[in-house]
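Read off the chains here:
Number of protein chains: 2
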Amino acid sequence: MNIALAQVNPVIGDFDHNCRKIVESIEKANRAGADLVISPELAITGYPPKDLLLKSGFVDANIQAVRALAAYTKNGPAALVGFVARNEAPVGRLFRNALALLQNGQWMGESYKSLLPTYDVFDEHRYFEPAETANVVEIDIGGRRIPVGLTICEDLWNDEHTFRRRLYHRNPVQELADAGASVIINASASPFSVGKHAFREQLMGGHAAEQSIPLLFANQVGGNDELLFDGASCAFDANGNVVARAKAFEEDLLLVKMDDLREARIEPYPQTIESVWHGLVMGTRDYINKCGFNDVVIGLSGGIDSAVTAAIAVEALHGNAALTAKCSSPRVHGVAMPSRYSSDHSVRDAETLARNLGFDYRVVPLEKIHSAIESELTPHFENRPADITEENIQARIRGNIIMALSNKFGWLPLSTGNKSELSVGYCTLYGDMCGGLAVISDVPKTMVYELARDVNRRSKREVIPNSTLTKIPSAELRPDQHDQQSLPPYDVLDAVLHEYIEEEKCAADIVARGFDEAVVRDVIRKVDRNEYKRKQAATGLKVTSRAFGIGRRMPIAAKF
Amino acid sequence: MNIALAQVNPVIGDFDHNCRKIVESIEKANRAGADLVISPELAITGYPPKDLLLKSGFVDANIQAVRALAAYTKNGPAALVGFVARNEAPVGRLFRNALALLQNGQWMGESYKSLLPTYDVFDEHRYFEPAETANVVEIDIGGRRIPVGLTICEDLWNDEHTFRRRLYHRNPVQELADAGASVIINASASPFSVGKHAFREQLMGGHAAEQSIPLLFANQVGGNDELLFDGASCAFDANGNVVARAKAFEEDLLLVKMDDLREARIEPYPQTIESVWHGLVMGTRDYINKCGFNDVVIGLSGGIDSAVTAAIAVEALHGNAALTAKCSSPRVHGVAMPSRYSSDHSVRDAETLARNLGFDYRVVPLEKIHSAIESELTPHFENRPADITEENIQARIRGNIIMALSNKFGWLPLSTGNKSELSVGYCTLYGDMCGGLAVISDVPKTMVYELARDVNRRSKREVIPNSTLTKIPSAELRPDQHDQQSLPPYDVLDAVLHEYIEEEKCAADIVARGFDEAVVRDVIRKVDRNEYKRKQAATGLKVTSRAFGIGRRMPIAAKF
Numbered sequence: 000m001n002i003a004l005a006q007v008n009p010v011i012g013d014f015d016h017n018c019r020k021i022v023e024s025i026e027k028a029n030r031a032g033a034d035l036v037i038s039p040e041l042a043i044t045g046y047p048p049k050d051l052l053l054k055s056g057f058v059d060a061n062i063q064a065v066r067a068l069a070a071y072t073k074n075g076p077a078a079l080v081g082f083v084a085r086n087e088a089p090v091g092r093l094f095r096n097a098l099a100l101l102q103n104g105q106w107m108g109e110s111y112k113s114l115l116p117t118y119d120v121f122d123e124h125r126y127f128e129p130a131e132t133a134n135v136v137e138i139d140i141g142g143r144r145i146p147v148g149l150t151i152c153e154d155l156w157n158d159e160h161t162f163r164r165r166l167y168h169r170n171p172v173q174e175l176a177d178a179g180a181s182v183i184i185n186a187s188a189s190p191f192s193v194g195k196h197a198f199r200e201q202l203m204g205g206h207a208a209e210q211s212i213p214l215l216f217a218n219q220v221g222g223n224d225e226l227l228f229d230g231a232s233c234a235f236d237a238n239g240n241v242v243a244r245a246k247a248f249e250e251d252l253l254l255v256k257m258d259d260l261r262e263a264r265i266e267p268y269p270q271t272i273e274s275v276w277h278g279l280v281m282g283t284r285d286y287i288n289k290c291g292f293n294d295v296v297i298g299l300s301g302g303i304d305s306a307v308t309a310a311i312a313v314e315a316l317h318g319n320a321a322l323t324a325k326c327s328s329p330r331v332h333g334v335a336m337p338s339r340y341s342s343d344h345s346v347r348d349a350e351t352l353a354r355n356l357g358f359d360y361r362v363v364p365l366e367k368i369h370s371a372i373e374s375e376l377t378p379h380f381e382n383r384p385a386d387i388t389e390e391n392i393q394a395r396i397r398g399n400i401i402m403a404l405s406n407k408f409g410w411l412p413l414s415t416g417n418k419s420e421l422s423v424g425y426c427t428l429y430g431d432m433c434g435g436l437a438v439i440s441d442v443p444k445t446m447v448y449e450l451a452r453d454v455n456r457r458s459k460r461e462v463i464p465n466s467t468l469t470k471i472p473s474a475e476l477r478p479d480q481h482d483q484q485s486l487p488p489y490d491v492l493d494a495v496l497h498e499y500i501e502e503e504k505c506a507a508d509i510v511a512r513g514f515d516e517a518v519v520r521d522v523i524r525k526v527d528r529n530e531y532k533r534k535q536a537a538t539g540l541k542v543t544s545r546a547f548g549i550g551r552r553m554p555i556a557a558k559f
Numbered sequence: 000m001n002i003a004l005a006q007v008n009p010v011i012g013d014f015d016h017n018c019r020k021i022v023e024s025i026e027k028a029n030r031a032g033a034d035l036v037i038s039p040e041l042a043i044t045g046y047p048p049k050d051l052l053l054k055s056g057f058v059d060a061n062i063q064a065v066r067a068l069a070a071y072t073k074n075g076p077a078a079l080v081g082f083v084a085r086n087e088a089p090v091g092r093l094f095r096n097a098l099a100l101l102q103n104g105q106w107m108g109e110s111y112k113s114l115l116p117t118y119d120v121f122d123e124h125r126y127f128e129p130a131e132t133a134n135v136v137e138i139d140i141g142g143r144r145i146p147v148g149l150t151i152c153e154d155l156w157n158d159e160h161t162f163r164r165r166l167y168h169r170n171p172v173q174e175l176a177d178a179g180a181s182v183i184i185n186a187s188a189s190p191f192s193v194g195k196h197a198f199r200e201q202l203m204g205g206h207a208a209e210q211s212i213p214l215l216f217a218n219q220v221g222g223n224d225e226l227l228f229d230g231a232s233c234a235f236d237a238n239g240n241v242v243a244r245a246k247a248f249e250e251d252l253l254l255v256k257m258d259d260l261r262e263a264r265i266e267p268y269p270q271t272i273e274s275v276w277h278g279l280v281m282g283t284r285d286y287i288n289k290c291g292f293n294d295v296v297i298g299l300s301g302g303i304d305s306a307v308t309a310a311i312a313v314e315a316l317h318g319n320a321a322l323t324a325k326c327s328s329p330r331v332h333g334v335a336m337p338s339r340y341s342s343d344h345s346v347r348d349a350e351t352l353a354r355n356l357g358f359d360y361r362v363v364p365l366e367k368i369h370s371a372i373e374s375e376l377t378p379h380f381e382n383r384p385a386d387i388t389e390e391n392i393q394a395r396i397r398g399n400i401i402m403a404l405s406n407k408f409g410w411l412p413l414s415t416g417n418k419s420e421l422s423v424g425y426c427t428l429y430g431d432m433c434g435g436l437a438v439i440s441d442v443p444k445t446m447v448y449e450l451a452r453d454v455n456r457r458s459k460r461e462v463i464p465n466s467t468l469t470k471i472p473s474a475e476l477r478p479d480q481h482d483q484q485s486l487p488p489y490d491v492l493d494a495v496l497h498e499y500i501e502e503e504k505c506a507a508d509i510v511a512r513g514f515d516e517a518v519v520r521d522v523i524r525k526v527d528r529n530e531y532k533r534k535q536a537a538t539g540l541k542v543t544s545r546a547f548g549i550g551r552r553m554p555i556a557a558k559f
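If you read the sequences in order, they're chains L and H. For what it's worth, numbering that gives the first Met the number 0 labels the leading residue of the first sequence as 0, then goes sequentially. For what it's worth, numbering that gives the first Met the number 0 labels the leading residue of the second sequence as 0, then goes sequentially.
Extracted from the complex, chain L is given alone in its bound form (with noise of 0.2 angstroms):
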């Protein structure tokens, strides 16, 4: 039996498109000889479909697009398709997370999850009832009925190693093995983060040696807002080894034979710092693309955070070439917009920047309009002394250039803020907050520097300035400001970060990791106060193990 992992990009709710990409899938496995194509979780409506599955007419689209798809496996390898099943039960919730078996251009069966995350970015028991039992089905390939058990995403996910060791009553593989399934399958849309690759594949090639059936995972891959998928669908054999791999953060299509698991190609998956880029990359490639956009506009400051950014907006829209050698990125649009307060270096590196990667750039400084702004305001002030209001004016002056640009041209605007400062507030609301997609957001300030020291190396040039690498972070919106005078150094700062927002420690818990008491305190404290600025602020792609974003749900007017 030849089982093809069709590892797609679908686009939410698009179903001609989705549909699209399985016929296309299932006709190319046709071509290699496979018996059956497998399509990650939910691939006719791409996940998560969210409240779009609470509209009237969805759920029906979405089991009609499904209906169509048939008649694409008349002559060709059966194939397994990701759906919204109706719970047929009188009572339960309205839908399931389902696989349809369609075969000889019949809808022959489906199946459906029996494990249902409600955690983090996952809200599965808001629309759907779990199966009461995982689900052996038979498939004839060539005349042999073979015992199929089919899983989906968090079905296996049932690990002893993290939070999740409590949260199931069942073990769907278990069950499936119990009933006599002689391979595996799990269709998926498992989201990136940084390290998880390697955990989920020794989370599955553990089932598959502790049951000694192989397994089969199809993932999704491609951005869908702030969720990365990252793709490397894989098989293990029945002792739990690794025997094929599909590209990751690509579409791709892997066949599998199974009754020579050698033969399989096996695709290398990044190195961690490397998978951060590519996941960048491409979640902010597919935002654009999903959303209708040709092309980007960046305010460039001089410093880290919008070289960084600028440099993933170049390789989404115009491909590694772009970064490997000098040439033209005319879909990038990068504006520096000195203010009193600038050094000569901000502009002179911006420019740089802009020269190194082939992007339309241009100058607009904030001069006239800042003092415009001051002389109209002064007067309200009572003669109070200067403070963040005054900083906040001129990034808040930036914005709006930047969105006028945006409204022009029909840009879209990226914003450049970092993970540590987006947790302390070092930011502006309305200002460098400004943007469609932030895509750095989930990336503190330490792996910033390191993701741009990693794509110098892997271009081979100074993709990323050097003096932008070198010199002293700096928002500049005051006379001689450096961010350290406002913040701990940022590897301390990450570090305490890291404990507070992934690990959700407490005060108490990360002193006891050796951090200073009053460092530990003031972060906490600023974190904690600048929720109401990250309940406002743009979509960000998610990296890390929690991201701000729907994965972490604060009240704002709250203490503890």
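Hints are not guaranteed to be accurate.
In silico PhoX-like cross-links for lysine-lysine, where the CA-CA straight-line distance does not exceed 20 angstroms [claimed, not checked]:
| no. | chain 1 | residue 1 | chain 2 | residue 2 |
| --- | --- | --- | --- | --- |
| 1 | L | LYS367 | H | LYS367 |
| 2 | L | LYS558 | H | LYS558 |
| 3 | L | LYS54 | H | LYS534 |
| 4 | H | LYS534 | L | LYS534 |
| 5 | H | LYS558 | L | LYS54 |
| 6 | H | LYS54 | L | LYS534 |
| 7 | L | LYS558 | L | LYS534 |
These are calculated hints, taken from the structure and not from any lab test.
For this one, chain L is given, so just place chain H on it according to the hints.
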């Protein structure tokens, strides 16, 4: 047996404040001769605590707080206190939504919620494990052991009249009746929406009548971010009639003598439009206070939206007396920011409003700033014709001015957009959308007018200027602009939006109700393409059955 319903207004995560409220209720109930005091759902943490639950130390602190409360029941009534229990079972979610029974200074027992809402604004499966069965607790009152049936909020909402009709496999009230309960207690945090109160009492009265058992409902009151809790705790006799009701939209302690239900107080619940007003005033006041602000700042256009927002703010900060008679409202600051396109009447109407309501008023003209930004940007616009860009530039200058005053003086900025314009994107991101709280962003434009007329009627004077009420709505961002150049008449728009957003109807269904197809398709297209603006909107107070915010989760890069 005398039971007191302690309708308190907690602050999320502020254990000291919340315990003090409960202690005060216990002491007051003791003086009134109560045997038992009932707090609302999760009264210790405030509802909803959201992901604060996941923070290390939060749940421990809440259990510690319950322990400390027990002492206050030593020489007084018993108390049922809403809190978060740890789930002691080895498998399942970490927590339980629970009630603790405190009596004679001891923690006597606890009881858990059975039905966990996971739809709209609710995420309870994210945190809680449901009770396996509903719990009858025997409470010793003056030597008699009274079998009391304990339920928490949603446990009553397995009704047959709404979408929930099919959600739940269990009926906790039936279970409790079967187990011999002589009274049903319901501790709730039931958020307000227009018209819900009547339905809620009908639902609860139905349970009481069906089981022929009296039912007592203790509800949270107050605003927590977007959610407004209206209180109106009440008691039903065994025929399902309301025999006692606490005040709506303010704290109260309601004593119910179970041996003579006729003795209780029945507060009136306000009429529909007045209930919206009170909800908005309460929500605005609570957001200001719970976030630690003293003053607010509002941009005034002379139009109806900013006028109603200002009047709500004045009542929130200075009480209803500030509406019924002219007096001084120094904690509210209004700013008129006329542009070259502003009509004379807009500044005049803003001035009149400020005089009527006695708040601080100032004028910051836009022209100088507007000219300066134009002169810098025009060279970049490549002689393209004026469009929405030029309109947004003005709105964003206004945003910068409001935020500067907010930053300089620590005033909370209130944004003034209504639901109709937020739905179709007739508003400027980072412009008029700037603000910490969007007071009327869930109020359709036609209801904004109703609110204005109603407040003038109730105040027996012209709070909202008549000229503001009667003039043609305009954003005044280009010459001779008015809203109906871009939008259908508001009565049509609001009706279509209601069908699409609150009723989740599709275009065909809405057209079938008699609306013009071109209008319907245009409105739907505008709603869909403006998800990105709403993603970055300020927290808005929820008054309809479906608001933008946490209860409506739409993908942005999507197509349907």
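Evaluated hints:
no.	hint	result
1	L:LYS367 / H:LYS367	10 angstroms, holds
2	L:LYS558 / H:LYS558	39 angstroms, violated
3	L:LYS54 / H:LYS534	19 angstroms, holds
4	H:LYS534 / L:LYS534	9 angstroms, holds
5	H:LYS558 / L:LYS54	12 angstroms, holds
6	H:LYS54 / L:LYS534	19 angstroms, holds
7	L:LYS558 / L:LYS534	16 angstroms, holds
Violated hint for the displayed structure: number 2, the only one.
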